[in-house]
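*Asks:* One-letter residues, chain by chain:
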Amino acid sequence: MDLDIAPMTDAVNLRDELEAVGIEEILSQLDRELIGLRPVKTRIREIASLLLIERIRKRMGLASEAPTLHMSFTGNPGTGKTTVALRIASILHRLGFVRRGQVVSVTRDELVGQYIGHTAPKTKEILKKAMGGVLFIDEAYYLHRPDNERDYGQEAIEILLQVMESQREDLVVILAGYGDRMDKFFASNPGFRSRIAHHIDFPDYADDELLAIAELMLRDMNYGFTSDARAEFVRYIALRKTQPLFSNARSIRNALDRLRLRQANRLVAGLDRVLTADDIRSIEASDVLASRVFGKGGKSAEAG
Amino acid sequence: MRITQGCFSFLPDLTDEQISRQVQYCLEQGWAVNIEFTDDPHPRNNFWEMWGLPMFDLRDAAGVMMELNECRKVYGNSYIRLSAFDSSHGWESVRLSFIVNRPKEEPGFRLDRHEVAGRNIRYTTSSYAADRPEGRRYG
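If you read the protein sequences in the order shown, they are chains B and R. In this text, residue positions in the first sequence follow the numbering used here: the first is -11, and each later residue adds one. In this text, residue positions in the second sequence follow the numbering used here: the first is 81, and each later residue adds one.
Hints are not guaranteed to be accurate.
Claimed, not checked - Computed list of lysine-lysine pairs in BS3-like fashion (alpha-carbon distance at most 27 Å, straight line):
(1) R:K184 <-> R:K153
(2) R:K153 <-> B:K29
(3) B:K172 <-> B:K29
(4) R:K153 <-> B:K110
(5) B:K29 <-> B:K110
What the hints assert, rightly or not - Short derived list, chain B residues pointing at chain R, Cβ under 10 Å:
(6) A118
(7) V151
(8) K172
Unchecked claim - Label-pair ranges, simulated between beta-carbon atoms:
(9) B:Y103 <-> R:A197: 57 to 67 Å
(10) B:D139 <-> R:D137: 25 to 35 Å
(11) R:D137 <-> B:P27: 41 to 51 Å
(12) R:W171 <-> B:S176: 44 to 54 Å
Note that these hints are calculated values from the structure, not bench results. Glycine included, C-beta positions come from ideal geometry on N, C-alpha and C.
The task is simple: from the sequences and hints, build the whole structure.
*Replies:* Shown next, in the form of structure tokens:
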């Protein structure tokens, strides 16, 4: 933490301190742009407050040991784990708990080698790239293959654990994955569980939250539902949720992409019309209704 | 005799903190930092062995320091230097290099005078350390 060390002080104005760091801005951005996820936001606020106080304590010479910041994010697909990881990195960076604030996002492939002696250099290279920032390991449970005791994943885990312990001030590791499989992973690697301070669970989105997400995404892409289309999309969400392979916000994003496709197709079909900006912006009920989800009760998983 | 080559070699040895600052400077310039070691201290020895691969895409000096400490564990009694390679077009060469580790005792160099025709003399410097075989030069 090589932030410029301010002179020792006895009294600190919390508000000034908060503003100086600019953390409030990120937190409110988080509130604004991430819909739902109440428990996650609360937890992040708690962590941010703790770090802020820790920072002030340091200035007052009440330093305690650097806090452990490694985290694990568990939740179903599409619940925003990666998005939150990016935000966490910038919060940690503002508060000076990581020096650079970059996020290196990896999966098993980038850590584990294919033959003897390949794993250690590979894992170390990733670790070196992540130094000063956040290492985000997606689907971390793939590192551990219980059915194959000679799997090189174990080697990667050992190196990770060693660096997580000995270079806590250089690197924050975030493990992410689906809840039940992460539990199994932690059960077979107790070292990980004890080195991770914050276990955050990402809940599934409710229907109205998914609708809000859809509208937010559409707004970002400069589209909008007509009121009919919105009503149909509410039905769509309810139906889609009952089908297999539903992955929350990611399914919504895919659905929107297909909506845009159908809207474009509808517009191109009527070549002789004069289009207004409104026509091009708006997604109509027929675009939504053409989805296969309304059809045969959902035989295909990620279809329409 | 303390050998001097690369940057900072007329200064007292850099502390780890100072090394780390220099490395951070290199990374911020976008240079890739390499760790090299040798036990042949001759100034014309251009071919030092590399410790691992050049470290591209690093953001923070902690990664280099981690490797340097590993290297010191194995070659703590040899010369270790860091060099920073600039891959940008037009440079494509080493921009900075400095010694970060040296043996406890540096026996220095012998000057050989080679008398040639017409009482001319040719000079050769050779390291006393290099008299012993590779790997056993610094005890």
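*Asks:* Run every hint past the structure and note whether it holds.
*Replies:* To see whether the hints hold, each was checked on the structure:
1. For a cut-off of 27 Å, the pair hint linking R:K184 to R:K153 stands: about 14 Å separates their Cα positions.
2. For the hint linking R:K153 to B:K29, the alpha-carbon distance of about 44 Å lies beyond 27 Å, and the restraint is violated.
3. In summary, the hint linking B:K172 to B:K29 is supported, as the alpha carbons are separated by about 26 Å, within the 27 Å threshold.
4. Distance hint between R:K153 and B:K110 is fulfilled; the C-alpha atoms sit about 20 Å from each other, no more than 27 Å.
5. Simply put, B:K29 and B:K110 have alpha-carbon atoms about 34 Å apart, too far for the 27 Å limit, and the pair is violated.
6. For the restraint placing B:A118 at the interface with chain R, the shortest Cβ-Cβ distance is roughly 8 Å, inside the 10 Å limit, so the hint holds.
7. Checking B:V151 against chain R by beta carbon gives a least distance of about 8 Å; that is within 10 Å, so the hint holds.
8. Checking B:K172 against chain R: minimum C-beta separation of about 31 Å lies over 10 Å; hint violated.
9. Against the hinted window of 57 to 67 Å, the Cβ-Cβ separation of B:Y103 and R:A197 comes to about 59 Å, which satisfies the hint.
10. Distance hint check: the CB atoms of B:D139 and R:D137 are about 27 Å apart, consistent with the given range 25 to 35 Å.
11. The hinted range of 41 to 51 Å is not satisfied by R:D137 and B:P27, whose Cβ atoms lie roughly 35 Å apart.
12. About 49 Å separates the C-beta atoms of R:W171 and B:S176, a value consistent with the hinted range of 44 to 54 Å.
Figure legend: structure checked against the earlier numbered hints; hints not met, in rising order: 2, 5, 8 and 11.
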